[in-house]
Amino acid sequence: MSISPPEFRQCSSCSRILNLNLFRADSLCCRYCETGKVAPSNSNGPSLLDRDIGKASQVVKLQEKKVITPDKINNNSANNPRDDSIELSAIFGMDQEWGEENSLIYKKAALTIFSHFIHEINIFLGCKSRWNIDNGELDKLVKWILAKEYTQKKIEQDLIPSELILNNYLTIIINKSLTNVTFIKASIRTLLNSPKKRRLKLYEFLVSLMNGTADEQKALEVLEADLLNDTNELGYAIPIIPLPSESELLEINSPLRIIYFISYFECVKQLSIQLNSGHYQVHKAKLDGEVIESSLDSFRKLNIKVNDIDLNNSIQSGLKMGYKLFGLSKENENIYYDSGNILIINLKGSKKA
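Just so we're aligned: 143 in this note's numbering is position 143 of the sequence shown, and the numbers increase by one with no gaps anywhere.
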């Protein structure tokens, strides 16, 4: 007697492919997500790395084109909260380099601060690369960030014992962060929607670093045109830089950071393409699906193996950072549900929190 193989369905919330008995008949959301529970890592179903959209014949096709991402990615966090700082801690290798003992408070604070100032950090790294700012200036950037009101409030609220140790954590994260022209211009575009005072402070800081350098005048002209622009737009298309080659990605030497960077890159690229094309209202689930599918495709080619949970967390962390770079969030009211209960991104409403 032959037994038919089990059929699977992809959850629209957690993105896992699970047995059909873990779904209600009329639901795309698995019972784990509906009840706010976490699916065990050994749940039956194909590995995320082995999924092949369009070829997995056992996956129930509930849509004309199956999207690999959930319609509400990370939006079940109210029932199943995820600690992004812990995930980023693994991605940036902080557990291995700094150890666990007595370090959690510093890791969480440093990663939160890094995320908040990602725009300034990207622009600094761009200036450093383009105009050969001395490596020693990174220390000045970190001290500048630590002196900010936002950071000082964070230090006070979290009862950070030592600013020096926090300085060390923040420095290593920035040293491990990657940027390119696409990230930099997207960062500038987002800051153009922030209070001018914030942009002016960044401009003044960068000017102080340029003092006496060979490219000082040219640098100041470019920075003034970009950062002190009185409009909310760059006035030109965001350049789309290709994903680094496979050999360059492997130089990152951390599987989690590689997939995080690829996902982050793909998210920023897709948002930039939409913005450049004048498509300001974007279906979030569709864009998430394109980002995840492209990220998995690029990651498979590298022949690196990681477990499904770490892979999923790294991809989602990259997606979140991509949206952060564009100032997109529900709190900013530029990610919202339309009248048809579809999650929409409003790129015209991009702003810095």
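Note that these hints are calculated values from the structure, not bench results.
A portion of the hints provided could be inaccurate.
[Unchecked claim] Here are the simulated DSSO-like pairs of lysine-lysine, each with C-alpha atoms no more than 27 Å apart in a straight line: (1) K197 to K128; (2) K197 to K218; (3) K153 to K197; (4) K153 to K218; (5) K201 to K128; (6) K154 to K286; (7) K196 to K330; (8) K176 to K140; (9) K218 to K128; (10) K330 to K108; (11) K330 to K301; (12) K154 to K143; (13) K286 to K196; (14) K140 to K108; (15) K196 to K153; (16) K324 to K108; (17) K143 to K196; (18) K153 to K324.
Restraint check for K201 with K128, where alpha carbons must lie at most 27 Å apart: It holds: about 18 Å lies between the C-alpha atoms, which stays within 27 Å.
27 Å limit on alpha-carbon distance, applied to hinted pair K154 and K286: 35 Å, violated
Restraint check for K154 with K143, where alpha carbons must lie at most 27 Å apart: Since the Cα atoms of K154 and K143 sit roughly 15 Å apart, the hinted pair holds (cutoff 27 Å).
Given pair status - K108, K330, alpha carbons within 27 Å: At roughly 22 Å apart (the allowed maximum being 27 Å), K108 and K330 satisfy the hint.
Distance restraint between K153 and K324, which requires alpha-carbon spacing of 27 Å or less: Holds - the C-alpha atoms of K324 and K153 are around 21 Å apart, at most 27 Å.
K197 paired with K218 [C-alpha distance capped at 27 Å]: 23 Å, holds
Agreement of K196 and K153 with the hint, judged by alpha carbon distance not exceeding 27 Å: 21 Å, holds
Agreement of K286 and K196 with the hint, judged by alpha carbon distance not exceeding 27 Å: 33 Å, violated
Satisfaction of hint between K196 and K143, Cα-Cα up to 27 Å: 22 Å, holds
Hint consistency between K153 and K197 [alpha-carbon to alpha-carbon, up to 27 Å]: 19 Å, holds
Hinted pair K176 and K140, Cα distance within 27 Å: Cα-Cα ~17 Å, so holds.
Pairwise hint evaluation, K108 against K324, where the allowed Cα distance is 27 Å at most: 17 Å, holds
The structure does not agree with the numbered hints 4, 6, 11, 13 stated previously, though it agrees with the rest.
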